[in-house]
Structures are given as structure tokens and as C-alpha cells.
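*Asks:* Given chain A's structure and the hints, the job is docking chain B onto it.
Chains as they are written, first to last, in the working numbering: chain A, 1 to 220; chain B, 1 to 220.
Bear in mind the hints are in silico, worked out from the structure with no lab data behind them. You can take every hint at face value.
Listed next, the stretches of chain A that the computed footprint assigns to chain B, with coverage defined by at least 3 CB atoms under 8 angstroms from CB atoms of chain B:
#1 60 to 71
#2 83 to 91
#3 96 to 102
The beta carbon of each residue, even a glycine, is placed where N, CA and C say it ideally should be.
There are 2 protein chains.
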Amino acid sequence: MAETEVYWISGSPPSWSALLALEVKRIEYDSHRLDNAKKEQKSEAFLAVNPRGQVPVVKHGDVVVRETLAVLAYLDRAYPEPSLFGGDAERTAHIWQLACECDSFLRNPVGTISRPLFRGKAEAFRDEITAAVPAVRDELDALEGNLEHTPFLAGETISAADLVYYPVIMQLARAAGRDDARSLNLGLMPLADTFPALAAWMTRIENIPGYDLTYPPHWR
Amino acid sequence: MAETEVYWISGSPPSWSALLALEVKRIEYDSHRLDNAKKEQKSEAFLAVNPRGQVPVVKHGDVVVRETLAVLAYLDRAYPEPSLFGGDAERTAHIWQLACECDSFLRNPVGTISRPLFRGKAEAFRDEITAAVPAVRDELDALEGNLEHTPFLAGETISAADLVYYPVIMQLARAAGRDDARSLNLGLMPLADTFPALAAWMTRIENIPGYDLTYPPHWR
Numbered sequence: 001m002a003e004t005e006v007y008w009i010s011g012s013p014p015s016w017s018a019l020l021a022l023e024v025k026r027i028e029y030d031s032h033r034l035d036n037a038k039k040e041q042k043s044e045a046f047l048a049v050n051p052r053g054q055v056p057v058v059k060h061g062d063v064v065v066r067e068t069l070a071v072l073a074y075l076d077r078a079y080p081e082p083s084l085f086g087g088d089a090e091r092t093a094h095i096w097q098l099a100c101e102c103d104s105f106l107r108n109p110v111g112t113i114s115r116p117l118f119r120g121k122a123e124a125f126r127d128e129i130t131a132a133v134p135a136v137r138d139e140l141d142a143l144e145g146n147l148e149h150t151p152f153l154a155g156e157t158i159s160a161a162d163l164v165y166y167p168v169i170m171q172l173a174r175a176a177g178r179d180d181a182r183s184l185n186l187g188l189m190p191l192a193d194t195f196p197a198l199a200a201w202m203t204r205i206e207n208i209p210g211y212d213l214t215y216p217p218h219w220r
Numbered sequence: 001m002a003e004t005e006v007y008w009i010s011g012s013p014p015s016w017s018a019l020l021a022l023e024v025k026r027i028e029y030d031s032h033r034l035d036n037a038k039k040e041q042k043s044e045a046f047l048a049v050n051p052r053g054q055v056p057v058v059k060h061g062d063v064v065v066r067e068t069l070a071v072l073a074y075l076d077r078a079y080p081e082p083s084l085f086g087g088d089a090e091r092t093a094h095i096w097q098l099a100c101e102c103d104s105f106l107r108n109p110v111g112t113i114s115r116p117l118f119r120g121k122a123e124a125f126r127d128e129i130t131a132a133v134p135a136v137r138d139e140l141d142a143l144e145g146n147l148e149h150t151p152f153l154a155g156e157t158i159s160a161a162d163l164v165y166y167p168v169i170m171q172l173a174r175a176a177g178r179d180d181a182r183s184l185n186l187g188l189m190p191l192a193d194t195f196p197a198l199a200a201w202m203t204r205i206e207n208i209p210g211y212d213l214t215y216p217p218h219w220r
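Isolated chain A, as found in the complex (with noise of 0.2 angstroms):
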């Protein structure tokens, strides 16, 4: 057994970024994927372990932490190398930010875009979905921006800001990608026209050692 242990369900995003952060540091972990269809993460089993029900939860020795962000502050005060938060105030003060911003602008317009379309509900949705498109447009314009200078979010290396990012807007892509998200025009598609900065970037996680070990299972 693995001295360090994760929780995690497979396709959403916050897992993801836990998932992708014990790949960067090459830390040695025990993955317990739970099955959201079945509610595993409402299972006495896993509420003994997380009495909130949510995931990624890590655990490592004694120590259970749960809530995304404070996980990649954990991992990375427990496995310093690769930092994850930056060596200087300034670059900390940037990754943070990003990684706050992610929560505050982007994450709720793109849950409003996919979950319809994950579910086959385009049409029914077609209304919330437009309507949540210019936030999302917003906040990838300032990404593209970004990364027409530096290779990743916050600077020449990779940090928390991209393992937060990457996952969310994976979630926009696949969704926005889906056949009968056409009719709708999101004008999102393909990434690789419209935002190419933040595609070269998708590629640029795609390369970590470990990726494929993180990508969701079921959308294989």
C-alpha cells in the first residue's frame, strides 16, 4: 500500500487536478476511483473518510484533506518538488489568484454549458447555455493572453493554476465538442482555431509523464 491515497471521480474537474498534481510531483499513490452513478461518495464507507461526501479527498499517513484547493496546498508543503505555489512571493500571489479566479469566473459559466450537454439537453437548455457563453469567452480571451507570453498560466514552469484550468476547460471542450452542440453556435470550437495560445498549452499538460494515468476512465 501506498503511503499516500486519493478519492477521486472519474470526469470531475476538482479530481482531476488532485489526480494531475500527485503526477507532476511523481508521488506514489493508492487510487480509489468511486462511481458517481452509484453515489459512492454519499457511501457510509466514504463519508467515514469524507463526512461531506465530496471529492478529491487525499489522505496520507493520518492526514484526510478534502477541498481541491487546499489538497495542492497540502501536496505540495508535503512533496516540495515540483513547486506547485512558486518560489517567490509575487509568482505565489499570481498562482493563487489564478487558481482563486478559476473558481470565481470561469468554473460555474463552463458547469452551465456541459451539464445540459452532458445530459442530451441542448435544445432544452439552449437559452442558459448562450447566455453563459460571453463569461467563458471572457475569462479564455485573458488565458489566450496569458499564454501568448509564457508557455503555462503563471510563468515559464508549470504550477496550481494550470492543474486547476486544465481540467475545467476540458470539461468546456468535450462538452462543446458534442455533436449536437453545433446548432447551439457557441463559437467555442475547435480550440485550436479560436483560442490556438490556450490550445498549444492543453497539449503542453498532455505531455506530463503520468497524464494518461489521469484521464477520465469513462470518456475513453
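*Replies:* Same frame as chain A, now just chain B:
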């Protein structure tokens, strides 16, 4: 002019968290209070500081930091003493987990209760307010249990967790303590009876040197 500047709005819990951090660390700062009634956070002058038009923002030399948790993380790196995010990985995880859980589970239901009360609309929003109370009570119960064992939320010394939760709970207490809240029978007040450990913790925060400088001027 001080090296550090802060932009804030009176009574806004995120702004108050930033002001408390500056005081806990005894940082000298120039204070820029923005007037929410005049929407000064959307003025051209402030949009030049933060194009998102939100507070708090901390400026320190050339570094401009927005997003409350990023402000706290930055101040803790730039001014390490006293530490707000803990000296070891386990305490760091606990502090970040609490800070994130305040945003995930307490901030929104407190807003649902306090916004209509501050606008004198208790009756019109009775159902929404009443529906938000159980979630708030669950969170306060958890904090109360925690504070029965330690003087501060993450242990023996003050941390970012205390600075994030305190203003949100003050917002709740101020709203729930209004005369027109009485008929709603929220069952929360007075806090010293319902949550005595929490009330004692609030007094501990209020005894921080410099606390008075952070108290919302328009509440006096």
C-alpha cells in the same frame, strides 16, 4: 506613503479579511476605502487597479493582488510573521481546508439570510431565509465543536481560517440581530447562548491589536 496599499469596501467580508490580515501582521498600509453606494469599485480609476472591479485588492510596490485567498497567501509570503498558513504541511492543509470550506458551505447561505435583512425585506424573503438556516446552523455547529477544543479554528494560534470566517459570521450576526429578524425565529441569536465557544472566539479576534481599525465604519 506606505509600501503597501489596500482597496476595500466597508462591511464586505472579503475586504474585512484582508484588513484583519494586515493588522495581525502589523503591516503599515495606505487605506483606500471605496464607496459601494457610489459603485466606486466600477470607477475608471479603480478599474485601472483591478479590471474586474472587485475588492479587496492589495498593492505592494509593483505587485497587485486580487482574490481574497490570494491576498492572504501573498501577505503571508511577503510578511511571514506571524504565519497565517501554518508551519507544517498538516496545519497548512487544515487552514486551507477551512478557508475553502467557508466559501463552499457558509458564505452563500449567510448571504441569502443577510442580504434581504440588510435591505429591510425580511418578510418578502422569509422562505429563502428560512431555507438557508439549516446549512448555516450545520456549519456553525462544526465550528463550535472545533472551538470547544482550541482557541482558534486551526489550533492554538490565529490563522487565515479565522480571518476568513470571522467577517462572514459577523455579517450573519449583524443581520440576524436586527429587530425585523426576530419574527423569523432563526434560532441563531444571541450567539453567546446558541454557540458559546464561537462567541468566545469572536471576542478573541476582537482583541487583536488594530481590530478597531478594521471594523466597518458604516456599522458604527
